[in-house]
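Assemble the whole structure, with the sequences as input and the hints as a guide.
Quick note: the sequence shown uses numbering that gives the first Met the number 0, first residue 0, plus one each step.
Note that these hints are calculated values from the structure, not bench results. Note that the coordinates shown come from a computational prediction; the quantities given were computed from them, not determined experimentally. The hints are all genuine.
Distance condition first, Cα-Cα at most 30 Å in a straight line; then the derived BS3-like pairs of lysine-lysine: (1) Lys38 <-> Lys50; (2) Lys51 <-> Lys39; (3) Lys13 <-> Lys50; (4) Lys38 <-> Lys13; (5) Lys39 <-> Lys50; (6) Lys13 <-> Lys40; (7) Lys38 <-> Lys51; (8) Lys51 <-> Lys13; (9) Lys50 <-> Lys40; (10) Lys13 <-> Lys39; (11) Lys40 <-> Lys51.
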Amino acid sequence: MSDLIDSNVIVTVKTMADARIVRLNLTDNLLIIRQELEKKKFIDNTLLFSKKYFESSNYDNVNYGFTEIELEEEENYLLAEIIDENNILYLNNVQNLFGNV
Numbered sequence: 000m001s002d003l004i005d006s007n008v009i010v011t012v013k014t015m016a017d018a019r020i021v022r023l024n025l026t027d028n029l030l031i032i033r034q035e036l037e038k039k040k041f042i043d044n045t046l047l048f049s050k051k052y053f054e055s056s057n058y059d060n061v062n063y064g065f066t067e068i069e070l071e072e073e074e075n076y077l078l079a080e081i082i083d084e085n086n087i088l089y090l091n092n093v094q095n096l097f098g099n100v
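Structural data, given as structure tokens:
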């Protein structure tokens, strides 16, 4: 895997309302990525990592959905596994998932 990807890349970190760029290591797990983003005040425990996935296509309209990774599972996923082809890392607010918590 290390031969295929440069592990230190510029990533756009996108919440549903905001976007920022940061340099992150693709081979780090999400727990380490969270710690890096917390240092930079990009993220807190109200945000979960999300992975964009293809839902459906209807003529010119392509629909995507987002699946969230629980805090307890972050250690089991690498950044390279969840960013999209444009190096966008999606974050979703926990309240958006579960209503007003």
